[in-house]
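Chain residues, written in single-letter form:
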Amino acid sequence: MPESIRERVMVRFERCVGCHSCELACRVAHSRSGSLAVAILEEPKPKRRIFVEQAAESPAPFLCRHCEDAPCVRCCPTGALRFDEASGLVVYGVDRCIGCHACVMACPFGVIQPGAGDLFVVKCDRCPDRDLPACVEACPTKALVLERDFLLDRRRRTVRRFVEAARTAGTEADFVATGSIGNP
Amino acid sequence: MLLKKAEIQARTITEDGQIFLQKAAQDGLETVWDRYEVQKPQCGFCELGLSCRNCSMGPCRIDPFGEGPQRGICGADADIIVARNLGRMIAAGSASHSDHGRDLVEVLRKVGEGYAPGYTIRSVEKLQKVAAEFGIASDGKTPSALAVELAYAMEEEFGTRKKALTFLARVPEKRRAIWNKLGITPRGIDRETSEMMHRTHMGVDNDWQSLLLHGLRNALSDGWGGSLIATEISDILFGIPQPVTSEVNLGVLKEDQVNIVLHGHNPIVSEMIYEAAQDSELLALASQKGAKGINLAGLCCTGNELLMRRGIPMAGNHLMTELALSTGLVDMMLVDYQCIMPSLGEIATCYHTLMISTSDKAKYPHMAHHEFHPETAQAKARELVRLAVENYARRIPAKIQPAPNAPTRMLAGFSVEAIVAALGGSVTPLIEAIKSGDIQGAVGVVGCNNPKIQHDSGHVTLTRRLIQNDILVVDTGCAAVAHAKAGLKVPEAATQAGPGLQRVCKALGIPPVLHMGSCVDNVRILNLAATLANTLGTDISDLPLAAAAPEWYSEKAVSIACYAVASGVFTVLGTPPPIFGSPKIVKLLTEDIEGLLGASFAVEPDPEKAAERIVNHIRQKRKALGL
Numbered sequence: 008m009p010e011s012i013r014e015r016v017m018v019r020f021e022r023c024v025g026c027h028s029c030e031l032a033c034r035v036a037h038s039r040s041g042s043l044a045v046a047i048l049e050e051p052k053p054k055r056r057i058f059v060e061q062a063a064e065s066p067a068p069f070l071c072r073h074c075e076d077a078p079c080v081r082c083c084p085t086g087a088l089r090f091d092e093a094s095g096l097v098v099y100g101v102d103r104c105i106g107c108h109a110c111v112m113a114c115p116f117g118v119i120q121p122g123a124g125d126l127f128v129v130k131c132d133r134c135p136d137r138d139l140p141a142c143v144e145a146c147p148t149k150a151l152v153l154e155r156d157f158l159l160d161r162r163r164r165t166v167r168r169f170v171e172a173a174r175t176a177g178t179e180a181d182f183v184a185t186g187s188i189g190n191p
Numbered sequence: 007m008l009l010k011k012a013e014i015q016a017r018t019i020t021e022d023g024q025i026f027l028q029k030a031a032q033d034g035l036e037t038v039w040d041r042y043e044v045q046k047p048q049c050g051f052c053e054l055g056l057s058c059r060n061c062s063m064g065p066c067r068i069d070p071f072g073e074g075p076q077r078g079i080c081g082a083d084a085d086i087i088v089a090r091n092l093g094r095m096i097a098a099g100s101a102s103h104s105d106h107g108r109d110l111v112e113v114l115r116k117v118g119e120g121y122a123p124g125y126t127i128r129s130v131e132k133l134q135k136v137a138a139e140f141g142i143a144s145d146g147k148t149p150s151a152l153a154v155e156l157a158y159a160m161e162e163e164f165g166t167r168k169k170a171l172t173f174l175a176r177v178p179e180k181r182r183a184i185w186n187k188l189g190i191t192p193r194g195i196d197r198e199t200s201e202m203m204h205r206t207h208m209g210v211d212n213d214w215q216s217l218l219l220h221g222l223r224n225a226l227s228d229g230w231g232g233s234l235i236a237t238e239i240s241d242i243l244f245g246i247p248q249p250v251t252s253e254v255n256l257g258v259l260k261e262d263q264v265n266i267v268l269h270g271h272n273p274i275v276s277e278m279i280y281e282a283a284q285d286s287e288l289l290a291l292a293s294q295k296g297a298k299g300i301n302l303a304g305l306c307c308t309g310n311e312l313l314m315r316r317g318i319p320m321a322g323n324h325l326m327t328e329l330a331l332s333t334g335l336v337d338m339m340l341v342d343y344q345c346i347m348p349s350l351g352e353i354a355t356c357y358h359t360l361m362i363s364t365s366d367k368a369k370y371p372h373m374a375h376h377e378f379h380p381e382t383a384q385a386k387a388r389e390l391v392r393l394a395v396e397n398y399a400r401r402i403p404a405k406i407q408p409a410p411n412a413p414t415r416m417l418a419g420f421s422v423e424a425i426v427a428a429l430g431g432s433v434t435p436l437i438e439a440i441k442s443g444d445i446q447g448a449v450g451v452v453g454c455n456n457p458k459i460q461h462d463s464g465h466v467t468l469t470r471r472l473i474q475n476d477i478l479v480v481d482t483g484c485a486a487v488a489h490a491k492a493g494l495k496v497p498e499a500a501t502q503a504g505p506g507l508q509r510v511c512k513a514l515g516i517p518p519v520l521h522m523g524s525c526v527d528n529v530r531i532l533n534l535a536a537t538l539a540n541t542l543g544t545d546i547s548d549l550p551l552a553a554a555a556p557e558w559y560s561e562k563a564v565s566i567a568c569y570a571v572a573s574g575v576f577t578v579l580g581t582p583p584p585i586f587g588s589p590k591i592v593k594l595l596t597e598d599i600e601g602l603l604g605a606s607f608a609v610e611p612d613p614e615k616a617a618e619r620i621v622n623h624i625r626q627k628r629k630a631l632g633l
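Heads up: the sequence lines are chains Y and X, in that order. Counting along the first sequence from 1, when you hit position 97 you're at 104 in our numbering, and nothing is skipped either side. Counting along the second sequence from 1, when you hit position 511 you're at 517 in our numbering, and nothing is skipped either side.
If we strip away everything but chain X, and leave its shape as in the complex, we get (with noise of 0.2 Å):
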């Protein structure tokens, strides 16, 4: 059934996306919206997080107007069932981004012995750096051999018992007083997720702000551990982003030629899909098919991972992935994990797009399956683009429609040390921007989409509040993608920006909104924000910084949250996380919080009021440093 205009622009506020909406209900397809409005209205237990369903004598709920059952069959109450749920969240999350990480360490320890050819290490500099944190000498040593050692000791982060993961030498030494004093100090990656599993376990923790705490520890476990791990060795073996040009929207699937679009989170498969699009024999394959080339573009975060650091253009974010196939464009989509419709296999089938899944641990329906791993990827890469092309041949003309807005330019690539490069050589010049008043201070806007929220406009709208005032934002994942294609990361943004922030985007050539990468990535600004407190001696609770999840969904974003605030990073959340039911939870997480840990969480769906939250605080920060 077509949808009304008004139906289409309360969905998303982009052009591309309220186009293929249209041409998706002319198709019928039947989207995550269409799922979500009949969803409605959701169980308000499970929205409160009263239901609890972690053992075999419920499913319980707590009645949150206090006349039905306030405890569950064994007896736990409101505050213990949020704090549980709560509590599982933060592990699933966790777990997600630091098995993606253990992925990319394997790959690393094979690639050291030789095992997966194709791949190199790009950056030994790298290699050698984090090598050093982890106490190993590089002297004398090939990179092979390195990248051995360091694949060593980083699986050791993950399961032994430590008294810390390696990578808290990173963290300012007063945060790092503030976990020891209240024992939430990660010991392994793998340990504290472990652990929150069994403490949610019916009979053993059952002190709701004991929960709490180790649900920071948890996230930090991902945030200081397994995604930070991810990160550096994505870096290791596919390079440092650097400021790269690039295109964003569905405009960038070219109707003459193959296009490949890359969906998912790990770099593993699509690094090697982009050697293979390079490939001279199967470009001349794709032009005898009449293809004048081999487009790649991404989606979602392994998007992000290749954009960053190849500069691939960006077909679109989470909620623009069904859509995509909407244009009967997309000969080959490859997925791998987290994130990915299980709907988008069975959309496929109503155009001639081969649907691919590439993990071992994670298949989808109507996909074909084809398993990558470090010692075969690169021939199963170029295997899976020669599919592609010639599939290009099997379009269907009738179901085809090129997007008809032009691709919005942007500039990404902004890893720490493409900043700190940027600002020639050392944080100092941003330090001084931000004591002068010319920055006000920095947010990370990260996170996903949510159909619960107008697609694109959580983001776009608190973005754009918060440059006006002269606040640097720097964003990864889907948000990231947002502020692209709302044109926020070309350098001619800055005219947006308040005069303080125009002026030193002018001077260093830079957007405003800095793409920092993947949601993986949300540890590059940790590290940023702690290489700030580090040079200023100080913590990084102390420094004018936010963070905002305006359209989040994914119970990764729950732990980057947690990790977020445990660092001392105040951070407003935009769609509610599921603890209201349990008032003393909201009060500890919202307020009490900020007494332990400098700082603490907020919710505001609505993102004008979000942004002055967020200057509220930051101009708070700034009097207290007597700026």
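So that you can see chain Y by itself, here it is in the shape it has in the complex (with noise of 0.2 Å):
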């Protein structure tokens, strides 16, 4: 992938404690001040990016989704979403948005929101500013994670489970006496 793509934020669901770290993060991020103590007196309030919802058993953050073929750009009429073949990112632009809402209906996912005050409607932006999103950084047991360690985290594991089973499954002598590895 070349350097210029920004990689996604992936969720390992398994991981999330639900602390809401990084929805308090993602405030602070997007807040005038970029204090937490400030923050919280602002007005209009800043508004996160990213949901900690209780799914089933487990909590589980979600934030949106940079799809390629999104469903959002494809309904906004006035070109205000837009994919961004340079970052890799759907990105937002208030100045040509109308407020009609449709990317809040068609999003799949359900992150993209009204906004409040100057802001027809608020999506994650990716924390342009910095290197790691703001709740990439917050996630304190790293449920989220950029899209290279989530691929790097998963292959590993899958590795291991292939391996681990190969080894529980029998010996290297089992595998020659029934003609698998060794005995052309």
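Note that these hints are calculated values from the structure, not bench results. Being a predicted model, the structure only gives us computed values, none of them experimental. All C-beta atoms, glycine included, are put in the ideal place defined by N, C-alpha and C. Just so you know, not all the hints are guaranteed correct.
Stated by the list, open to error - Computed cross-link-like contacts, SDA-like style, restricted to lysine to any residue with a CA-CA straight-line distance of at most 25 Å:
| no. | chain 1 | residue 1 | chain 2 | residue 2 |
| --- | --- | --- | --- | --- |
| 1 | X | Lys593 | X | Gly72 |
| 2 | Y | Lys149 | X | Glu36 |
| 3 | Y | Lys54 | X | Cys66 |
| 4 | X | Lys458 | Y | Ser42 |
Said to hold, decoys possible - Covered, in the sense of this in silico footprint (three residues per stretch, anywhere, with C-beta under 8 Å from a C-beta of chain Y), are these stretches of chain X:
| no. | segment |
| --- | --- |
| 5 | 39-50 |
| 6 | 53-67 |
| 7 | 71-82 |
| 8 | 522-534 |
Join the two chains into one complex using the hints; note that each chain is given alone, in its own frame.
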């Protein structure tokens, strides 16, 4: 993947402890002051772009997936929402937005929300000024990770499962005996 | 992994700290700063005081942005939860200092009953004075008999229901009237802490204002009760501190001597170790092992206690405790309780250092436990000093790095009695100096270290600014050690003060920053303030005084700050306390409380700005007094 393309924030649901730290960090990152103690007094209150919901038994954070063929982009009548090839993000330009909220209806994940004050809608911008999005940085259990770490983790765990399964299934001698390896 | 120069400089302003941060990194140690880094970012709900774990329906959190839950499961809102949490911090802090006081009462009683060989009553004068305050006549009684009677009377202060604590007689009348009006006169030491735990149980006190008021009463039970008892009995048993010269920083650890470091808060153990370290038999053994002597050094407040009375040098303050071990020169570290990082034992395993815990209520991983009891303390102290001496030969040369910088000189031992003596027998000259403007006011700069603030920079920057403005600084605890390391505690430091304060310091031969003791000794500052107010027939809140805790971290500091404000002293905190989740509580404590108590809190992490606020406050107070 070229470096200019930003990685998506991925969720390892099994790790989420439901602490809501990502939500707080998201609000602070999108506040005027940038400090928690001051941000809570700001009006309008800074909005979060990530949502920790209770799904079945486990808590689960959810945020904009920055879809490549995004329903929100497709239904946007003014081009306020567009997929930015350079960054790989679905970006929102408030100057072109007419506040029709078609994107809010179209998003299958429910992560685009009606804005308040000077914004028509609010969605994840993947913290353009930061290397690591605020939510990823704030997650104490690393339930939120960037795509690269997510994939690495998935691969390694899967490989480990395969190897463990092979080990418990039988010794090398068993494989030799059954003709699977070393006995062409 | 080695640290970059910029990283090290961002962590501490001290020369020895910077050197040994790198040594610790070289030796592969994980220090408090490393652990702080990996805890970041810290939980925002907890930072704001909006998380509650008081019961098992929870844990609950309030959304400070108003979108998520605004009530805990029990129905408590942000204000109730913040007030409950703050109340419990005060209770824990008050309990800690007061339990320390109780330990000393027990020793006093055992000394009187003859069950504590080795301990004596060093200040009969103070014993008689305090006994008189408790209505116990001294005439015809031996000091031992008097000690037993006083100990019983003080034990009564802890649990029994009274209208008010005995030491409240020292408080200016106007102040007591305020407490009575607000219903916050402290009644019993344990009682107020116990009541706070009761009130903050689910479904008891759910009025944030009355919770906060009780918090003040709880803190007052520490300041004018438990802590004051701890200080007064320490003086009775171990002597009233008098000005004494000493040295500070890691350079006090000697390469050619057996180094025993004393860390914690309670002087009961360290005083006996001090005695044992003078023992000729043990000194002979040390010389037999090739050591030139037995060198005692202090850390934190156990160190301050011994420094104030015996002049033993200080190795450092709270954030230096791990780094002291990294010198490889500590043959034994003895710890009692409070502020002892549980990491110390494991760090010591990288060196030859023997780690010894001594309190029946405080055990730590990787430490040998040798309990001290008054009955056997003398023998135990000798046994341990012997172990330390024998351990001298087991030093690991490859891991030793003596501090290259020379220790900084300092003057300590400024008890109220010593200050009054230095002034010629009364506080009048001090009042005159304040009236004339040579001294604009006085500020207690106290408190801990916190890795959230560059080590010692909060204390030193603030204090430098204050003395430049002709404000006398008195200090205790880790702040006091920070100032000493910065060279502010020698008479020559007067040149750094404004012209007025400089004159006073030169006339009296004192430094512009006076060391008044350990953190439990903050009550000495309180006593001095009360003495000034009583002499003038006014209230503490009328005087040009303030307090600051630029780098505080502990629950004890919360209790101290609350008793300072409740006693009428404007108090500036450097580290924000977990109360910002309730704007109502912030407003009450930083603004509205002024109308009730004549003093308030302020939160200001920048020491320069904190100094500005304090200077303005003192100017206002002077103006109100017509000065």
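Against the structure, the hints:
1. At most 25 Å may separate the alpha-carbon atoms for a hinted pair to count; lysine 593 of chain X and glycine 72 of chain X meet this at roughly 19 Å.
2. Restraint check for lysine 149 of chain Y and glutamate 36 of chain X: the C-alpha separation of about 22 Å stays at or below 25 Å, so the hint holds.
3. A threshold of 25 Å between alpha carbons decides the hint, and for lysine 54 of chain Y with cysteine 66 of chain X the separation of about 21 Å falls inside it, so the pair holds.
4. Proximity of lysine 458 of chain X to serine 42 of chain Y is assessed by CA-CA distance (about 15 Å); at most 25 Å being required, the pair is judged to hold.
5. Under a criterion of three residues with beta carbons nearer than 8 Å to beta carbons of chain Y, the stated coverage of the segment 39-50 of chain X is upheld, 3 such residues being counted.
6. For the segment 53-67 of chain X, the assignment as covered by chain Y holds, since 3 residues bring a beta-carbon within under 8 Å of that chain's beta-carbons and 3 suffice.
7. With 4 residues bearing a CB less than 8 Å from a CB of chain Y, the segment 71-82 of chain X meets the requirement of three and the coverage assertion stands.
8. Residues of the segment 522-534 of chain X lying with their CB closer than 8 Å to a CB of chain Y number 0, which falls below the three-residue condition for coverage.
Violated hint for the displayed structure: number 8, the only one.
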